[in-house]
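Participant: Mind assembling these two chains? They're in different frames, but the hints should get you there.
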Amino acid sequence: ELKVEQNPLFLSMQEGKNYTIYCNYSTTSDRLYWYRQDPGKSLESLFVLLSNGAVKQEGRLMASLDTKARLSTLHITAAVHDLSATYFCAVDRANFGNEKLTFGTGTRLTIIP
Amino acid sequence: DAGVTQSPTHLIKTRGQHVTLRCSPISGHKSVSWYQQVLGQGPQFIFQYYEKEERGRGNFPDRFSARQFPNYSSELNVNALLLGDSALYLCASRGGLADSYNEQFFGPGTRLTVL
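Here the protein sequences come in this chain order: A and B. Throughout the first sequence, residue numbering follows this note's numbering, covering 1 to 113 in sequence. Throughout the second sequence, residue numbering follows this note's numbering, covering 1001 to 1115 in sequence.
These are computed hints drawn from the structure, not numbers from a lab. Cβ atoms here follow ideal geometry from the backbone N, Cα and C, with glycine treated the same way.
Here are the simulated distance ranges between beta carbons:
id: 1; chain 1: B; residue 1: 1059; chain 2: A; residue 2: 68; range: 23 to 33 Å
id: 2; chain 1: B; residue 1: 1028; chain 2: A; residue 2: 66; range: 33 to 43 Å
id: 3; chain 1: B; residue 1: 1062; chain 2: A; residue 2: 75; range: 41 to 51 Å
id: 4; chain 1: A; residue 1: 24; chain 2: B; residue 2: 1059; range: 19 to 29 Å
id: 5; chain 1: A; residue 1: 2; chain 2: B; residue 2: 1062; range: 21 to 31 Å
id: 6; chain 1: A; residue 1: 16; chain 2: B; residue 2: 1020; range: 47 to 57 Å
id: 7; chain 1: B; residue 1: 1084; chain 2: A; residue 2: 8; range: 25 to 35 Å
id: 8; chain 1: A; residue 1: 57; chain 2: B; residue 2: 1014; range: 42 to 52 Å
id: 9; chain 1: B; residue 1: 1095; chain 2: A; residue 2: 66; range: 26 to 36 Å
id: 10; chain 1: B; residue 1: 1008; chain 2: A; residue 2: 16; range: 38 to 48 Å
id: 11; chain 1: A; residue 1: 75; chain 2: B; residue 2: 1103; range: 18 to 28 Å
id: 12; chain 1: B; residue 1: 1010; chain 2: A; residue 2: 68; range: 43 to 53 Å
id: 13; chain 1: A; residue 1: 44; chain 2: B; residue 2: 1071; range: 19 to 29 Å
id: 14; chain 1: A; residue 1: 68; chain 2: B; residue 2: 1014; range: 47 to 57 Å
Some chain B residues flagged as far from chain A (calculated, every beta-carbon gap over 12 Å):
id: 15; residue: 1062
id: 16; residue: 1064
id: 17; residue: 1073
Rough simulated footprint, nothing fancy, chain A against chain B, three-plus residues with beta-carbon under 8 Å:
id: 18; stretch: 1031-1037
id: 19; stretch: 1045-1059
id: 20; stretch: 1104-1112
Bound-form chain B, shown alone (with noise of 0.2 Å):
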């Protein structure tokens, strides 16, 4: 079976653009998270999707937006990149909601580069 999966797997953007991230969950998962991680650090979260709406929101400026998609497909649009931006982007999909264990599985992420 098919893991979680992201496009693309790198992208180098200049300062001021507008960026798309594309994440796929694992077959059957209804969750999306995604997360920003800056080169050493941890993972920090931006949004979850539960059956196309927002459940949660990180401390992240207006300038991060996502959306989740009838196939359960998620986006994160980033508008006006910064170079502070430049990040891994990790997407990860859950099963159901929190009221029930279900472990959240990693995607492989997107290297975001800003110019």
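With the rest of the complex left out, here is chain A (with noise of 0.2 Å):
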């Protein structure tokens, strides 16, 4: 059974610092996802990441993926208030017809000003 873990789960940081937060997964997956999650609101996706080596960054985060390692990173740049909600990462294997994700635990981010 594929399992997806988080770290942090909560994550509390002042603005203006630098952070990442990891996700590791148990089994060989074709696709890593990360998420946003604003309160009450549903998932807003941030990346897609197809390929070992692969890094993607959009504004203040970037996200990479280690395939060996069977880890992604999404890293925190320089971080502002707008950025607090809670990060999800999820993975799914490209078998045929089945589009199954697995997503982790979450990581609460709050940005203190």
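Facilitator: Structural data, given as structure tokens:
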């Protein structure tokens, strides 16, 4: 059974600081996703990582994937208050017709002014 | 273009009742998946439908069922509601099957409260 773990579960950081969220998964996966969720809202897609060594950046967020280590990271640079949210990673297998996403536990990020 | 839509937005039911949740995928998308997100946890996969056929089922009891219609919209039905069914129910649509990369897009969700 595919398992996805994130750490930390909770992260409180000051504006302007850098930090990294880690996502480990237990078995070979074809795709790694990062989502953002604001309280009471749905999931907003941030990044999709498809291959080993993939790196994507959008604003102050950068995601990377190491398929050999089964590890993805979401790096936050010079955090601002607007980045406060819960971040989820998720993986799936490109099995024909089976598109189940397995999500991590989430990291609740709070940016303190 | 409209994204994934879900109805209703919020719903309050009592234990033992039945509920039907609805989802309309993005125009042109043929795959619909349902997820349950209990407060404080990540979403859990319930069902996936493609071309009106069930393609995947998560670890949920038989009280949960779903179907997809010819216009690719979908319903999730839950019978004999339990307090533990209280959650945000998310629908996601995707353009095609997983043999080619297609991103899943999530709807706004239906917040179900069981009293």
